[in-house]
Amino acid sequence: MNVTPLVDVVLVLLIVFMVVIPAMEQGLDVEVPAIVHPDQRQESAIDPFLLSVTRDGTLYFENTPMDPEHLESFLREANRREPQRKIVLRGDRGVHYARVRELLHVCQDIGFPGVSLRVNHRHGEAS
Amino acid sequence: MGMDIGSAKGRKQGRSHPEMNVTPLVDVVLVLLIIFMVVTPMMNEHFWIHVPSRATDEAEPAPPDPADEGPIVVSVNAQGQIQINRDVYPDADFPVRLRRMLAARGERRVYFDADDDAPFERAVAALDLARAGGAAHIAVTTEALP
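For the record, the sequence lines run as chains A and B.
The numbering of the first sequence is this note's numbering, which starts it at 1 and goes up by one.
The numbering of the second sequence is this note's numbering, which starts it at 1 and goes up by one.
For reference, chain B alone in the conformation it holds in the complex (with noise of 0.2 angstroms):
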């Protein structure tokens, strides 16, 4: 209340009483609120993966255990680490590995499977990672491998 005394002579004149008006502020802070909670929740993508139809499953070679130059088979076992062709690799070296396999055989199809216990995000994780080692083409094999 200080302040009103030295600025009495002043206040009388105009009779200006200062007051930000937040509404606004308040207004455009809370839709930003709202689009961002609106939003949020749709940010669900999709990763499409391949399951062979029933059709074409006899054409298709069944993908069979590490055999040298049989197809590349990317597993993910109960433990969760991620395989190739029974190989384990750490994630950090699996998408380079793959890369230079699929280079090598100058294909980019890989067959996918996982332990029965292994935990679905893991599964997940492994596709993820063998499509950054560039795997255009990911078949899901909808049968335990041996």
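If we strip away everything but chain A, and leave its shape as in the complex, we get (with noise of 0.2 angstroms):
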């Protein structure tokens, strides 16, 4: 029995998935930027909130959109009920830095222990 032919089509499928499932959760159209020396270090145990700002500006805290006026409140609820988990801020390269000095501002303002650029390596240009 020829058995390439079905391989072949359920480990596409098994790709797919792969690529959607992934896809479905990120859900939101941020594309990071990318540099050449990020930290190394990975060396926190606890999950850092994820707070996102996607190109037109929209908010999104953990995948679910944020309307800018209930963000404070939101982040300083989640920051009392877990005061050692960090934030990563998730920008799109082309969003206004105005609008990312802002929300450092409202993270500075709570007291997050930790803020952190959500950035990708950029591999080949040695400084």
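There are no misleading hints in this set.
Cβ pair distances, simulated, as ranges:
id : chain 1 : residue 1 : chain 2 : residue 2 : range
1  : B       : R105      : A       : D47       : 34 to 40 angstroms
2  : B       : D91       : A       : H70       : 35 to 41 angstroms
3  : B       : E107      : A       : M18       : 44 to 50 angstroms
Just so you know, these hints were derived from the structure itself, not from any lab.
C-beta: ideal position from N, C-alpha, C; glycine also.
Mind assembling these two chains? They're in different frames, but the hints should get you there.
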């Protein structure tokens, strides 16, 4: 019995699902900037909060859309519940810096134990 | 089919139908493909920045504008050019200049801000180059610098 076509089809289906499911989870169209020197350490056992800004400035907290007016109280509440969790800002590369600074300000006000920017590692160009 | 005639004699005895089994090959290749497709999106990295906490905010000296022996302020203007204390440097020179300035002052702390209209990508690129230039401690200001 020639099973090659069967294997082909099954594995292609598997690939399709593996690609589509994370895309559905992440859901939003955020293209993070790529840099050459990201932080190497991944020491934190606690998953940080994830705050995303898309190119058009829409806010997402852990993949749920957020009303900018409610963001601060929402983050404050999240921080109060789990004060040890840090926060990661995932901003689109095209977003205006004013938006990012605003969010950093909010994070500072609330007092998250750490703030980081989500980036991609760009290989090749050594400094 | 011409080949069959030539090899008909040998074929009769052995009944060997040479047929390549590509299933393992396809298996391996597709599994590799899957592995890469899963791993690639996970290559998200982080860039930890220092946002001074509110409590110590007053204790930390506010970064004043280009005073000569003041702190080093790295900024990005609206055109996306990188500046040190308001002087524009090309991307290629910036790490070298910053390294020299840090060495001259004997510190590794740098303040960072970007113009409201600067794209986030350029701001992150500046942070990246600042790190390449030896800035160990990058404090991102949360108020726009004058």
